[in-house]
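Each chain is listed here by its residues.
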Amino acid sequence: MNVGLPHFLTVSAVLFALGLFAVMSRRNTVAILMGVELMLNAANLNFVAFSRYVQRGIDGQLMAAFVIVLAAAEAAVALAIVLALYRNYGTVHADTAQSLKR
Amino acid sequence: MIRDLVFVLLALLTVVPAFWVVFSRNIVHAGFALLFTLVGVAGFYGFLGADFLAVTQLMVYVGGVLVLVLFTVMMTHVPAVGRRRHGLDRLVPPAVFAAAVFGVLYKVITVVKWNVGEASTSPTTAEIGTQLMTNYVFPFEYVSIVLLAAMVGAAILIRERSHAGSDDAIAEEKQEARP
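Order-wise, the sequence lines are chains A and B. Mapping of the first sequence onto my numbering: position 4 corresponds to residue 4, and the numbering continues sequentially without gaps. Mapping of the second sequence onto my numbering: position 42 corresponds to residue 42, and the numbering continues sequentially without gaps.
Be aware that a few hints might be false.
[What the hints assert, rightly or not] Derived Cβ-Cβ restraints for the label pairs, each shown as a range:
#, chain 1, residue 1, chain 2, residue 2, range
1, B, A100, A, A97, 45 to 53 angstroms
2, B, G103, A, A97, 31 to 39 angstroms
3, A, Q98, B, G129, 41 to 49 angstroms
4, B, E160, A, G4, 47 to 55 angstroms
5, B, V152, A, A94, 24 to 32 angstroms
The hints are simulated quantities; they were obtained by calculation from the structure and are not laboratory data. Predicted model only: the values in this text are computed from it and were never measured. For each residue, glycine too, the CB sits at the ideal point set by N, CA and C.
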């Protein structure tokens, strides 16, 4: 086995599928967020792998850096929303958040 | 040979805990499994010569996002009593869809003839810094503003409200504050 681009892409695809499954099947909001993080990491891995093997520029790595920053912002806001949800409903299950106003 | 071994180890370190993240019943276990997945991805970045990104991944994801996630898990712990188990009808459609997405991705990966160039192994940190200050200076500033706005938004979202957080109570409070 000569490690090349397809191997990285396959690992990334596995991560993406797992994240997608978590987002669609889990009821706990924090678990859904973990699925989103898995998908973002899969995309980042693709960026870095392409940057290394195909384009040989630095743009892919810069995109991955921006994605990391935006993922941090997304996590902060999402977890704030989860805490507000918990304070208002006493649970973090996505199914219970059905009204816009308490 | 060493490269293959390192790749396999990193892939195991990344994918096996990812399964644990997705299928674990215990949300705390899922959070700690996510730690290993993120470290594995950081290892992949280092493997691919993106040393700056590897360190960034460790500092931002493992040191920041994951701590936030675990913190939220601890603060919002819902007791397991009376929790409904996942029905099979709830799990099958997501599983089928995720498997289909993986199938399409894998087909694309194996069918396309990738135009693979010669791999370079030089460190990229200096180049990233140069690019951030020249070609990418506006995206860099935009993303910093987005980050600031997100932090302020998060702080506003979780602030304590008086009178159980109803809008009327806040309006009353404003009325009273007025001289």
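Hint by hint, here is what the structure shows:
1. A100/B / A97/A: 45 to 53 angstroms: violated (28 angstroms)
2. G103/B / A97/A: 31 to 39 angstroms: holds (33 angstroms)
3. Q98/A / G129/B: 41 to 49 angstroms: Holds - the Cβ-Cβ distance for Q98/A and G129/B, about 48 angstroms, lies within 41 to 49 angstroms.
4. E160/B / G4/A: 47 to 55 angstroms: For G4/A against E160/B, whose Cβ atoms are near 54 angstroms apart, the range 47 to 55 angstroms holds.
5. V152/B / A94/A: 24 to 32 angstroms: Given range 24 to 32 angstroms: holds, Cβ gap about 25 angstroms.
Consistency with the previously given hints fails for number 1 only.
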